[in-house]
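Chemist: Residue strings, one per chain:
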Amino acid sequence: MSIITRSPFLFRINTGSCNGCDVELATTAMIPRYDVERLGCRYTGSPKHADILLVTGPITARSKPYLIEVLDELPRPFVVVAIGTCPTSCGIFRDSYSIEGPLDKYIKVDVNVPGCPPRPQAIIDGIAKAIEIWKRKIRDEK
Amino acid sequence: MNAEIINFLIFPGGIFAILLGLILMSVERILVARFQRRVGPVFYQNIIDIIKLFNKETLIPKDAKDFIFKFAPLFGFSGMLVLVYFLPIPGVYEGIKGNYDLIILIYFMALPAISHILGGGASSSPYAAISVSRELKLMLVYEFVFIIIGLTLAIYVGNGSGEFSLKKIMDYQLQNGYFLFDWKLWPAFLAFLIFVLATLEVPPFEVAHHNSADIMEGYLIEYSGVPLAMFEITEALKIVVLSIIFQIFFFPSVMGDDIVLNLLWFIIKTLFLIIFIALVHASLASFRADQEFKFLIRVPVTLSLLSLILVILSIKGLI
Amino acid sequence: MSGFLKIAIRNLLKGPTTDPYPFGPTFVPDKLRGKLKVDPKACTACGTCEEVCPSAAIHITKNNNLYVHITWYNTCCFCGNCEFFCPTGAIKLSNNFHTANTEEEKYKFVSIAVIPEIKCEKCNSFFVPPSEELLKRAYPHINEEIERFRKICPECRKKEAFKRLYK
Chain S
0 MSIITRSPFL FRINTGSCNG CDVELATTAM IPRYDVERLG CRYTGSPKHA DILLVTGPIT
60 ARSKPYLIEV LDELPRPFVV VAIGTCPTSC GIFRDSYSIE GPLDKYIKVD VNVPGCPPRP
120 QAIIDGIAKA IEIWKRKIRD EK
Chain L
0 MNAEIINFLI FPGGIFAILL GLILMSVERI LVARFQRRVG PVFYQNIIDI IKLFNKETLI
60 PKDAKDFIFK FAPLFGFSGM LVLVYFLPIP GVYEGIKGNY DLIILIYFMA LPAISHILGG
120 GASSSPYAAI SVSRELKLML VYEFVFIIIG LTLAIYVGNG SGEFSLKKIM DYQLQNGYFL
180 FDWKLWPAFL AFLIFVLATL EVPPFEVAHH NSADIMEGYL IEYSGVPLAM FEITEALKIV
240 VLSIIFQIFF FPSVMGDDIV LNLLWFIIKT LFLIIFIALV HASLASFRAD QEFKFLIRVP
300 VTLSLLSLIL VILSIKGLI
Chain W
0 MSGFLKIAIR NLLKGPTTDP YPFGPTFVPD KLRGKLKVDP KACTACGTCE EVCPSAAIHI
60 TKNNNLYVHI TWYNTCCFCG NCEFFCPTGA IKLSNNFHTA NTEEEKYKFV SIAVIPEIKC
120 EKCNSFFVPP SEELLKRAYP HINEEIERFR KICPECRKKE AFKRLYK
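Each protein sequence line maps, in turn, to chains S, L and W.
Number 108 in numbering that gives the first Met the number 0 belongs to position 109 of the first sequence; there are no gaps in the numbering.
Number 17 in numbering that gives the first Met the number 0 belongs to position 18 of the second sequence; there are no gaps in the numbering.
Number 154 in numbering that gives the first Met the number 0 belongs to position 155 of the third sequence; there are no gaps in the numbering.
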């Protein structure tokens, strides 16, 4: 039933980023210019309500245990989107002493949106691709 | 017997009320977006949300009390469903023509808040505990306001002795003029509007839940899947019930005898209430918990007590 | 509070101001730092961009008389260092911001440019010729002798210059 995928709930985690990508995520949701609610999305406050998980920041050593706890709490089926260059491949912080690696090591990522920071239109592109992958996951589970 | 089952399950209780409530919630979201110069969602967005929530799996935390956690949303849902069945809609539906409707109404309006408190208490999370304590504190005050408004109307209609039947309240207004235009009941009308905002947890009274900056959705934080869908459906039914109460208490005007025409007029009057709620939602920020308690115990309580005193004085013949 | 009521009613009458993307065209500024592109005719495989890139996204490898210039977009920071330091202006950042890609094409999201070596006319060994932009940057006027630099390898160039100066 493809009508289910018209209302994804978004949840964002910041694992130690510089807040550049988080500022861009705030503008895609709330300012009138790049409204994300006309695609049916809604920001929630709890990971147990989430369908699409948005991760920013390279995984710093201090935030790694909290990230692993939150990744256990997502109800299936869900999709993971890595926003920015940092969770995709650590960007300019590669091989640093406090970075615990790209997001690939902890969970299977579905969509990458590199950019420093990516434009809000590119983030909307990434969410649209994630919705297509979500449709395929729902069909495969039946 | 057959007509009553249809009345309970399909129209005007059950499916009709659930769908109408979900569409009204989406219309409120669209209006808030238009007041902020954005494009909102489609008008049937909340119906899609509920269908999607039925397809997710349910996760129960390890330390939660299993039985209460799973069955807490059923208190509010069943209470609101029964209320839609027995409240009369002016011109469309007769309701249960009992003699003590108003007292049952006052008891049942408190049930959704109780299901929030039970659900939040059974999930073993500190965020839910803070939200439950805030909700308990505020529930005391706004239920008090509702009780005083109900008793004021009962005394006014019964001319000294209490008249608790909703049908007689509506008939009194059809003969003597609607209470919306009666100057003695204007403070009660304002207090009722503040009560509607406080019980739907719309900003500026949004401190107990949904405040996804402060306490991460409060008592709903550990819910997912079908119980979460039950909470959303209870919210939708509550909007319909509040609109019916608003029309019974203050403005039960009918247009002739046709059911379809009266139904359309009922929906238009509900839309005015939704426009007011959306305007306040889009323009005000949220209170803190102690600011909200002080506001609720000063302003609506004095307004409704003022109306009560004016009504008592008018019965004694002094005004 | 009455101040916001006027704004709310005015907003309702004026209508939304939302960008119509992805259902319509959007505004893209000209100098936006997007994905980079290499012009293989102007590049001389000097390695400056590889040295200066802060996230090591550019790699130049040699493969049987071919220089291969690979950029992996998933770790590029779009900073513009390579465009600033390139001596010939072969690498430029376009204003293409569409960078969303799925996990299957994560390691294929690259840009490849191939710079071939040519044979010297005199001694038949392989070398990378200087491109036109490099010659324009080095010399103010280009005459025939300077044009010959594009055909003979550095060893033969030294011998010819010695013969020309000490004839």
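Possibly wrong hints are sitting among the right ones.
Claimed, not checked - Covered stretches of chain S, as calculated for chain W (at least 3 residues, CB under 8 Å):
no. : region
1   : 12–19
2   : 45–59
3   : 66–77
4   : 115–121
Said to hold, decoys possible - Calculated pairs, DSBU-like style, for lysine-lysine (alpha carbon to alpha carbon, straight line, at most 35 Å):
no. : chain 1 : residue 1 : chain 2 : residue 2
5   : W       : Lys36     : S       : Lys107
6   : S       : Lys104    : W       : Lys61
7   : S       : Lys104    : W       : Lys5
8   : S       : Lys128    : W       : Lys5
9   : S       : Lys134    : L       : Lys293
10  : S       : Lys136    : W       : Lys34
11  : S       : Lys136    : L       : Lys69
12  : L       : Lys268    : W       : Lys91
13  : L       : Lys183    : W       : Lys5
14  : S       : Lys141    : W       : Lys5
15  : W       : Lys107    : S       : Lys63
16  : W       : Lys121    : S       : Lys104
17  : L       : Lys268    : S       : Lys63
18  : L       : Lys61     : S       : Lys104
19  : S       : Lys136    : W       : Lys91
20  : W       : Lys5      : S       : Lys136
21  : S       : Lys136    : L       : Lys293
22  : W       : Lys91     : S       : Lys128
23  : L       : Lys293    : W       : Lys5
24  : W       : Lys105    : S       : Lys141
25  : W       : Lys30     : S       : Lys136
26  : L       : Lys69     : S       : Lys141
27  : W       : Lys107    : S       : Lys104
28  : S       : Lys107    : W       : Lys34
29  : W       : Lys91     : S       : Lys107
30  : L       : Lys64     : S       : Lys63
31  : S       : Lys63     : W       : Lys61
32  : S       : Lys134    : L       : Lys183
33  : W       : Lys107    : S       : Lys128
34  : W       : Lys61     : W       : Lys34
35  : W       : Lys105    : S       : Lys63
36  : W       : Lys107    : S       : Lys107
37  : S       : Lys134    : W       : Lys61
38  : W       : Lys5      : S       : Lys134
39  : L       : Lys64     : S       : Lys136
40  : W       : Lys107    : S       : Lys136
Hints listed in this document are in silico derivations from the structure and should not be mistaken for laboratory results.
Note that CB positions come from ideal geometry on N, CA and C, so glycine has one too.
Chemist: Counting residues of the region 66–77 of chain S whose CB is closer than 8 Å to a CB in chain W, do you get three or more?
Modeler: violated (count 0)
Chemist: Does Lys91/W lie within 35 Å of Lys268/L when you go C-alpha to C-alpha?
Modeler: Violated. Lys268/L to Lys91/W sits at ~62 Å, over the 35 Å cutoff.
Chemist: Checking one constraint from the list: CA of Lys136/S to CA of Lys91/W, max 35 Å. Satisfied?
Modeler: violated (39 Å)
Chemist: Within the region 12–19 of chain S, is the number of residues with a Cβ closer than 8 Å to a Cβ of chain W three or more?
Modeler: violated (count 0)
Chemist: Within a Cα-Cα threshold of 35 Å, do Lys134/S and Lys293/L meet the stated pairing?
Modeler: violated (49 Å)
Chemist: Within a Cα-Cα threshold of 35 Å, do Lys121/W and Lys104/S meet the stated pairing?
Modeler: violated (55 Å)
Chemist: Decide if the proposed pair is consistent with the structure: Lys64/L and Lys136/S, CA atoms, cutoff 35 Å inclusive.
Modeler: With a Cα-Cα distance of about 32 Å, the restraint between Lys64/L and Lys136/S holds, given a limit of 35 Å.
Chemist: Given the hint that Lys107/W pairs with Lys136/S, does the C-alpha gap stay at or below 35 Å?
Modeler: holds (23 Å)
Chemist: Do the alpha carbons of Lys104/S and Lys61/W lie within 35 Å of each other, as the hint requires?
Modeler: holds (32 Å)
Chemist: Starting from Lys5/W, check that the Cα of Lys136/S is at most 35 Å away, please.
Modeler: Measuring from Cα to Cα gives roughly 47 Å; hence the hint is violated.
Chemist: Would the hint linking Lys61/L and Lys104/S be met if the CA-CA limit is 35 Å?
Modeler: Distance ~27 Å between Lys61/L and Lys104/S Cα, so the pair holds.
Chemist: Sort out whether Lys63/S lies within 35 Å of Lys268/L, counting only the CA atoms.
Modeler: violated (53 Å)
Hints 1, 2, 3, 7, 8, 9, 12, 14, 16, 17, 19, 20, 21, 25, 31, 32, 37 and 38 from the list above are not met by this structure, while the remaining hints are.
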